[in-house]
Amino acid sequence: MSVLVYTENWDGKFKKLSYELISFAYAIAKELNLPVTALSIGKVEDDELKSLAKYGASKILKLEDDRFESLDNKALSDAVAKAAQKEDAKVVIIASNNEGKAIAPRVSVELDAGMVTNVVGLPVSIDPFVVKKKVFTQKAFANIQINADVKVLTYAHNSFEVIESPVDITLESFDAEIPDSEFHTKVLDTHKVTGKILLTDADIVVSGGRGMKGPENWGILEELADLLGAGLACSRPVADEGWRPHEEHVGQTGKIIAPNVYMAFGISGAIQHLGGVSSSKYIVAINKDPEAPIFQAADYGIVGDNFKVIPQLIEAAKEMKASE
Amino acid sequence: MNFEFTEEQLMIQQAARDYAQRELIQDVLEREEKAEFPARHVKNLAELGFLGMMVPPEYDGGGMDSVSYVLAMEEIAKVDASVAVIMSVNNSLVCFGLNKYANEEQKQKYLKPLARGEVIGAFLLSEPEAGSDATHQYTSAEDKGDYYLLNGTKNWITNGSSASTYIVMAQTHPEKRSHGINAFIVEKDSPGITVGPHENKMGMRSSDTHSVMFTDVKVPKENRIGDDGFGFIFAMKVLEAGRIGIASQALGIASGAFERATSYAKERKAFGTEIINHQSLAFKLSDMAVKIENARNLCLKAAWLKDNHKPITVASAMAKQYAADIAMEVTTEAVQIHGGYGYVKEYHVERLMREAKLTQIYEGTSEIQKIIISRSLIKS
Amino acid sequence: MKILVLISNVPDTTTKVKFTGDNKSFDTTGVQWIINPWDELALTRALELKDAGAVEKITVANVGTKITEPTLRKALAVGADEAIRIDAEPSDAFYVATQLTQVAKDYDLIMAGIESSDYNGSGVGGMLAEMLGINSVSAVSGIEIENGNMTIHRDIDGGSQTLTVPTPLVVVVQKGIAIDPRIPSMRGIMMARKKPLNVVPAVDATPKTTFLNYELPPPKAACKMVDEDNAKELLRLLKEEAKVL
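Protein chains in written order, with my numbering: chain B, 136 to 459; chain V, 113 to 492; chain D, 89 to 333.
Everything labelled a hint here was simulated from the structure, so no lab data went into it.
Here the structure is a predicted model, which means the values were calculated and not measured.
Hints should not be assumed to be uniformly reliable.
[Unchecked claim] From the structure, some residues in chain V lie toward chain D, with a derived Cβ separation under 7 Å:
1. F115
2. E119
3. M123
4. A127
5. L160
6. G161
7. D172
8. M176
9. P240
10. A242
[As the list claims (entries may be wrong)] Capping the alpha-carbon separation at 20 Å, the derived lysine to any residue pairs in SDA-like fashion look like this:
11. B:K327 - D:T252
12. D:K320 - B:P380
13. V:K381 - B:P428
14. B:K348 - V:E386
15. D:K104 - D:K90
16. D:K312 - V:G384
17. D:K104 - B:P428
18. D:K320 - D:L333
19. B:K151 - D:G246
20. D:K308 - V:E386
21. D:K282 - V:E386
22. V:K155 - D:P269
23. B:K148 - D:G246
24. D:K104 - B:E180
25. B:K274 - D:A309
26. D:K283 - V:G175
27. D:K308 - B:N395
28. B:K423 - D:G246
29. B:K348 - V:D172
30. D:K320 - B:L362
Each residue gets a CB set at the ideal place from its N, CA and C atoms; glycine is no exception.
Just chain B, with the same shape it has in the complex:
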């Protein structure tokens, strides 16, 4: 028996999210007195795989098979389910990101498991198995009991710390034996966002709203984001007006993000916007309207003119950089 973690890799590398997943799994496994097995699919060097041991994974199932690159939901789910069956996994942990959300429901059906998505933090209790998840688009939490023997959890990014718990590790090649006929997804074209910090990964996000007046004023936001190593986001009206691309829109109907700091410039903070950013550890609001609802949600705020404030922040960020 074990706790199985499926972690994807990005061009052969793991990310902080992978280590969060392993740390989270290890904490649960400890309570269940089980070891953690990690499943890795795709080409990852052994040294990189072994890095997972540092956070508590004592076994790696290594599935190197190019066919999975097409992210075929059915085939990938089959592979994860087979690994879980092989390891007799009692808990299967998957990231709550695009890929994780694509396969977790299927895996749960294959394993006759109970599934809870977007789990934040360790189980409230182990017997019965109760976990906490976000509901009502971040406005509340629910405690949910899983009644099935096998549990599938998707883990919400940034809701658990990376904790070092080094263990000995064994690598094992794994063949899920999925026939070609099970792969149906034919990828015609892949467009990777390069050179920019991914919004969903960013620890700091700098975001602009209508109060930025027009697309021509984004230069200073970009400069600030660069200096802070931040991702760049915007509110819905800004994307709708075509000032910024839709992939930057955060909010209930856009990307939902959970950075350490979310800095909102000229965003009033409609409830739909807050729905996408309220899991941020800190919210910073800069707005000329002292009545803007964003200040109700913010931890730090400046009532003032963006065009007076941002240059000062740029200067401060430069000074901060110089002193590092």
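Based on these hints, arrange chains V and D on the given structure of chain B.
Chains V and D alone, transformed into the frame defined by chain B:
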């Protein structure tokens, strides 16, 4: 008694609310400032069926009841009274009048495109010398055998330049006074029609109000509505029903201002607490809420009577007078609650206050409504 | 091509979230119910495809009690051809997906929103696909059908892809699939009166999870204000007090 709306009525209310909150809100301030006609919105609302809501489907209308119309008008007027008055004139004056009193050929030719909202209509009754007193029509319609010859000037015409179809009241038999008046369907591009300049109004600036001059305009005989001399009764019957539209518009202006004032009072803080917690303000809002509820009930009652083919003269006059008067009171208080913010355009309530004023004036001033109501008391 | 759109009935997204009975259930007093916004976008795209002649029939399905019927009728009013309501309390994603298997077999394309705005489960679409033994694509932000061939766009972590997958297929859609949901027209509302809304009894199934109770997030401390002319102080606070820079 049953105070519940049907599922369809609620769906129509929601549709109007969605359109208003999603689309109208985006450019209402700009259009108001520039006094720009909302052509795009008129087209969209036509496609949704809001311009001929109560016309039966066989004449390409929405086939909905007057209660739905009240609910829709309130939602539109909450955000944009100019669009609401365009809707009201087309629905409850032009389409209603044609549907009820026009003959089959007239309905086929004129009602259908109006109900689809492909073209819009205008109702031409007021004159420079005859506003509230409609019995004296100086515009003349001389019977020339095959056609009538129209001469005269009409004032304060909503949709004056954007309408394609006019309904014009004019005097054919001056000796018969009001019994000599006829109502005509007149195509706006007929030779001899001149549309005066856009009136520079205090509010509802996005609706186009004009005077219209008629100089030897030939109107075919078949375009007269009803029998010879039916025009005055036609106008009165149409206005009677039309009041429900304007009453609902006034209701919407009031409830729009009220919603804004309430949410402002819940957010704005003074003396350490949200201002809604100060009793002087809380009581103001409470009074506003009661007035709006009364106005809504009067509107819905009048609509219900109309849907059930019962007399509406007094009910629609009460709804119009009360809703218009409380719209003025409620919007004034909404500005007061907003303090300095209420006096600047961004916060919408000063606009709503300017819009409210017109509802006390047009389609029968509040005083005219009181005449109607009091006469019914004398008669009874 | 025939499309089935899965519709969840959710509280209006501006609803104030409150709970009753020791926080065991969501307080539905005064709640206005709407089509889950993601499902509504799925339906919008389905309607666009139908307008373009690529789709012959759109069915919407919901697992719920009678209170969800106005939501289904709205879907009919904006243009869906028929509605199915499976008469059951939608207790969890597994239970809902199991119920849907009985009505979902004869469609080329099944569309579901990425999550419901109430329980944020993200489970039903994928589970249904697995139960039906068909493939699925998630995070779908675009669908085009030309000459009967379907091309799908999806978001991947760090980019996007264009792909094809043979039907029958479940697509789980998200932002980008359509822009503005449709507002029902008077004509649509009238026509919805005559369209079928079939009520189907539930099949036996046992949910695999139980909602125990809800918690509201702890109240936030007041916002700490920094002066406009001293904006640099903000970064100092973020670095030294919040320790996030």
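Going through the hints against the structure:
no., hint, in the structure
1, F115, "violated (16 Å)"
2, E119, "holds (5 Å)"
3, M123, "holds (6 Å)"
4, A127, "holds (5 Å)"
5, L160, "holds (4 Å)"
6, G161, "holds (3 Å)"
7, D172, "violated (9 Å)"
8, M176, "holds (6 Å)"
9, P240, "violated (38 Å)"
10, A242, "violated (36 Å)"
11, B:K327 - D:T252, "holds (18 Å)"
12, D:K320 - B:P380, "violated (29 Å)"
13, V:K381 - B:P428, "holds (12 Å)"
14, B:K348 - V:E386, "violated (30 Å)"
15, D:K104 - D:K90, "violated (37 Å)"
16, D:K312 - V:G384, "holds (16 Å)"
17, D:K104 - B:P428, "holds (15 Å)"
18, D:K320 - D:L333, "holds (13 Å)"
19, B:K151 - D:G246, "holds (15 Å)"
20, D:K308 - V:E386, "holds (17 Å)"
21, D:K282 - V:E386, "violated (50 Å)"
22, V:K155 - D:P269, "holds (18 Å)"
23, B:K148 - D:G246, "holds (14 Å)"
24, D:K104 - B:E180, "violated (50 Å)"
25, B:K274 - D:A309, "holds (16 Å)"
26, D:K283 - V:G175, "holds (17 Å)"
27, D:K308 - B:N395, "holds (16 Å)"
28, B:K423 - D:G246, "violated (34 Å)"
29, B:K348 - V:D172, "violated (44 Å)"
30, D:K320 - B:L362, "holds (14 Å)"
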